[in-house]
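Use these hints to put chain B onto chain A, whose structure you have.
There are 2 protein chains.
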Amino acid sequence: MKKKYSYQELYAFTVNLFSAIGCRKKDAATVAEVLMAAELRGIPSHGLVRVSDYISLWEAGRINLQPQVHIVHETPSTFTMDADNGFGMIAGKKAMNMVMRKATTTGTAWTTVINSNHYGIAGFYSLMAAQKKMIGISGTNANPLVAPTWSLSRMLGTNPLAVAIPAKSYPPFVADFATSPIARGKLALLEKENKSIDYGFVQDKNGNPSHRPDILKEGGAIVTLGGDYEHGSHKGYCMSAIVDIFSSVLGGANFGPFVPPQVGYLPMPKQQVGKGLGHFFAAFRIDAFRPANDFLKSMDEWITAFKKATPDKEHEKVIIPGEPEFEKTIEHTKNGISIKKEVQQDLIKLSHTYRVTNPFE
Amino acid sequence: MKKKYSYQELYAFTVNLFSAIGCRKKDAATVAEVLMAAELRGIPSHGLVRVSDYISLWEAGRINLQPQVHIVHETPSTFTMDADNGFGMIAGKKAMNMVMRKATTTGTAWTTVINSNHYGIAGFYSLMAAQKKMIGISGTNANPLVAPTWSLSRMLGTNPLAVAIPAKSYPPFVADFATSPIARGKLALLEKENKSIDYGFVQDKNGNPSHRPDILKEGGAIVTLGGDYEHGSHKGYCMSAIVDIFSSVLGGANFGPFVPPQVGYLPMPKQQVGKGLGHFFAAFRIDAFRPANDFLKSMDEWITAFKKATPDKEHEKVIIPGEPEFEKTIEHTKNGISIKKEVQQDLIKLSHTYRVTNPFE
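Residue numbers (my numbering), protein chains in the order written: chain A, 2 to 362; chain B, 2 to 362.
So that you can see chain A by itself, here it is in the shape it has in the complex:
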């Protein structure tokens, strides 16, 4: 095993693997591109670790490998896309490209995608727009792990939201965050390491704060951002609910407690209130509100001002959203990407099952 792998070899392997299970080459390339964007940006929780989850979904008969993505509703500045139950990236990238084209004509445009599955990092899509000097927005719902304020029931997913805003001389501002205080992957890691977790992240089945990262297995839940009502958890609840409704009710995907799981070994919810899970995407032309150059200069000024903020004594600087991921991308492109041993082992197994050469052995 090598210590680091190049983007090219990991990308090529991922394309080959998804092609081998039966994806069209172009679709396999899209899935690989989004997963590898997470690896490049230093968000491995949404990178190659997900390959086995995605393939387990297909093995469980829950993924259409040859989706016919299509528009089901349209106005001058909006549309709703049916992902035909394919991997979420396939409709996701199409929808983002199309919403950018629409915004070119109308100034801004919004779309929602229904009948979809996990689509990787939300930031990938918003960044597509920023790379074309447009503002990009994306969000998605996810299977329910989060209890709203005062609730014992898990009603919401970790529902990420991403907003990318281009600047003139700086890399774009990219906010890309789960609207919950912690992701499930991080809980799983703490559990594996036999560590406890601070208060403010999870509650037990009675709604009491818990230190146990495995408490979700016993009827517990992740709490909303803010932690408790006194500290504004109802604001986190609002954020997650907005992302959920824009991903589901808007176009007709499943909402909240009915969103299907992202792995094959978890059972499907008994009731379905819509089609698959859902995402939303938006693009704004920056010259829809003022001349483009004024916008870009002003965004540079915003970033410069925040870079000049005085950091506390434990930190060197105040972070601009997206800056660490931009720096990671440069470093990973130059020096290669580390892949955890457990992830490599999963990928090696899959490469044997589906007879694909892997870069790990």
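Derived from the structure by calculation, the hints contain no laboratory data. A portion of the hints provided could be inaccurate.
No distinction is drawn between identical chains; accordingly, a pair holds when it is met within one copy or between any pair of copies.
25 Å max Cα-Cα, derived SDA-like pairs, lysine to any residue [to be verified]: (1) K298 - I72; (2) K4 - T330; (3) K271 - P172; (4) K187 - H235; (5) K308 - T330; (6) K318 - V274; (7) K5 - V50; (8) K271 - H212; (9) K314 - S154; (10) K5 - T334; (11) K314 - D199; (12) K3 - R102; (13) K309 - E219; (14) K3 - K298; (15) K133 - E75; (16) K27 - K309; (17) K314 - G220.
Chain B in isolation, oriented as in the chain A frame:
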């Protein structure tokens, strides 16, 4: 002094007072309508308590009482409005009405308002859309009180975001929240009552957590939602930053640290990087994504599902965003509205200065 005052008498008094200082009757009515919406909805921090702040701004020569609100940039689905330095509600209500008209044609529409001032509760504008069975969004920036994650400098306002979504048989879902964990008004109240504040809301000038509600006077700051980095304060920072940029950079208002104060007794920032403070507004036709009735039925199902969530033992039910404010509106309309003694005293003084009859004496 009466215990409670009717909507009508408080509204009429407010219209008369703003007319007496020199507002056009129609503009005075708009200012009063938005302030009274806060009182009705049980958000007195944004109600009549603000009247003296607004008038102090005008007395300090910082408000144009006869603004010529006008469009400075436009596309089919967007526009930028210059509020001509009037009270924020005047351009705010115009912008929301116009963005709804645009959305009727294009499906969705967005606008930003620059050169403006405090505009009251963000929820007022989003609710305008929901009352017409459209989705409404609004946000605004505000003078800097909040330090981003790892920052000692106050760079952001409490920057509220409001999203209103209509349902079929329920009142609309209305999320209307400051993106910071606490509002300045609440800190001021704790200070008056000589109370300390829990950790997780404010920091001192060195970035250490503080229990002192008056710590902002000594170089402290409100922290972002989440409290500290470990609990996701960078997510709160992202939310506040997005609201700030959409309110400022988008159209050309002042951003973050340069946003002017909302009261006359605080000095103007030395540097201006744009015009006044800014807001943004959006409207979505619900039939821009699926047939309207399908949307409304699905939103009813969403609300029903969340109403059925099991509450913890200390609460009777899980709250739907906007539900408490809806119930308050009914109660206040029926039984009248209480106004704090200190607020009444301020209003009595103003009524004498500007020779207006008041309902309090």
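Here is what the structure says about each hint:
{"no.": "1", "hint": "K298 - I72", "result": "between (37 Å within a copy, 22 Å between copies)"}
{"no.": "2", "hint": "K4 - T330", "result": "within (17 Å within a copy, 63 Å between copies)"}
{"no.": "3", "hint": "K271 - P172", "result": "neither (45 Å within a copy, 28 Å between copies)"}
{"no.": "4", "hint": "K187 - H235", "result": "both (23 Å within a copy, 16 Å between copies)"}
{"no.": "5", "hint": "K308 - T330", "result": "within (20 Å within a copy, 44 Å between copies)"}
{"no.": "6", "hint": "K318 - V274", "result": "between (46 Å within a copy, 23 Å between copies)"}
{"no.": "7", "hint": "K5 - V50", "result": "within (16 Å within a copy, 61 Å between copies)"}
{"no.": "8", "hint": "K271 - H212", "result": "neither (31 Å within a copy, 48 Å between copies)"}
{"no.": "9", "hint": "K314 - S154", "result": "between (41 Å within a copy, 12 Å between copies)"}
{"no.": "10", "hint": "K5 - T334", "result": "within (11 Å within a copy, 67 Å between copies)"}
{"no.": "11", "hint": "K314 - D199", "result": "both (23 Å within a copy, 23 Å between copies)"}
{"no.": "12", "hint": "K3 - R102", "result": "neither (42 Å within a copy, 60 Å between copies)"}
{"no.": "13", "hint": "K309 - E219", "result": "between (46 Å within a copy, 21 Å between copies)"}
{"no.": "14", "hint": "K3 - K298", "result": "neither (44 Å within a copy, 55 Å between copies)"}
{"no.": "15", "hint": "K133 - E75", "result": "both (23 Å within a copy, 21 Å between copies)"}
{"no.": "16", "hint": "K27 - K309", "result": "neither (44 Å within a copy, 44 Å between copies)"}
{"no.": "17", "hint": "K314 - G220", "result": "between (40 Å within a copy, 15 Å between copies)"}
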